[in-house]
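Colleague: Given these sequences and hints, build the entire structure.
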Amino acid sequence: MSTDRELHLDENQLLWAVVEEAELPLPLREHLSACPQCSANKEMIEQDLVRMGQMAERFSPSPRRRVSLPVKKARRSIQWSWGWRACIGAAAAVALILVITWWSPTTRTTHRDNANMLALEMQEAEQLMTEVGRLVENALPYMYSDISTESNATSDEEFMQFVIPSIEDEILSYDLENGGVLLC
Amino acid sequence: MPKMTQKQYHARVSDSGSQVAAVVERARAGSRTAFEQLVDLFQGDIFRMAYYRTRSSMDAEDLTQEIFMQAFKNLDRLRMPERFRGWLFKIALNRIRDFNRKKKFRALFGALDDNDKVAQPYAERRDRAEALDKLMIQDFWKQVGLFLDKLSRMEREVFMLRFMDHLSIKEISQAMGKSESTVKTHLYRSIEKFKKEHSMRQFLQEATA
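Residue numbers (our numbering), protein chains in the order written: chain A, 1 to 184; chain B, 1001 to 1209.
Keep in mind that the hints were calculated from the coordinates and are not lab data.
Treat the hints with care, since some could be wrong.
[Said to hold, decoys possible] The calculated SDA-like cross-link candidates involving lysine to any residue, where the alpha carbons are at most 25 Å apart (straight line), are:
#1 B/Lys1184 with A/Phe159
#2 B/Lys1170 with A/Ser68
#3 B/Lys1195 with A/Leu15
#4 B/Lys1196 with A/Leu24
#5 B/Lys1196 with A/Cys38
#6 B/Lys1193 with A/Leu32
#7 B/Lys1196 with A/Met44
#8 B/Lys1150 with A/Arg29
Modeller: Have a look at this one:
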């Protein structure tokens, strides 16, 4: 009796027997097939596992529709559609990269900088042209404008004309002396 | 419910392995009918697999469609027709993983309703509750969910593939891209945890009594 008890499968061996009986050494397999207690213990675990599998199957729904297979010609069209899909995907990726590059902060800053620089240059050029125009009209610096005759040139011109008449006026005076018609 | 041992349960699937390989051969040769046969054979399994992992029959249906489409397109790449089942489940695992990843990503931005995961399955099962006890169904999925949450990602996947999707260790190894010894180790750990789930095991026994 004691010998039988020693030969009984321990839990570890019992579990290996459930996993795969062939894993057990031959004497243990022989014992398992002969010993009703050990085989009952093993079967108890196995039965519970089988019950679980059967119940899972029983408590699951059945597929409502059958798998539909493509027709033979469709195999090629599937490949084509994948090809098109890949092309569209690649095109979308390229477009995305372009958009990202275009709208990236670095690019946007560069564009803005360029526009700003252009506006600045135009402003500077305009200022320069204004300065040149001003110099053409009056080359003297502003501080000398008060003592310069340029500023009241118009009124002085009439006066100077009165004091020193021009050659044309002289001719008119001459004609007047010679009994000509007074024009003014 | 008829009592069936684990061996008998898995034998049901593996017996048809050679027949499946023959159908796969014909499908690879260009037979549309053969591929439709494969759909008939595995649509239920793949749908349930997706359902167990998404808990939504609509998502499971969409995923099933995508999985078979992918299989249909890549059938030429399958070298060994006898490994079709594992190969198909591998596609399914990847597609479901992608789906769940996207779902988590969408949930990050609040695009997903919180009730989507919990409320929807129960609502969908409402129709079936006329025949089956609604409370039992809810309790079952709750118990399963609680248990699966206690497992690591690998243990959970191995456990579900083995006992819910009924794949062999070889098929699990193929589907997960792991060695058989790794699969067995994770399976051992998950069964060890299952054995300690007394309330769940009691529920299973009472429900099928």
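Colleague: Which hint numbers doesn't this structure obey?
Modeller: Structure breaks hints 1, 2, 8.
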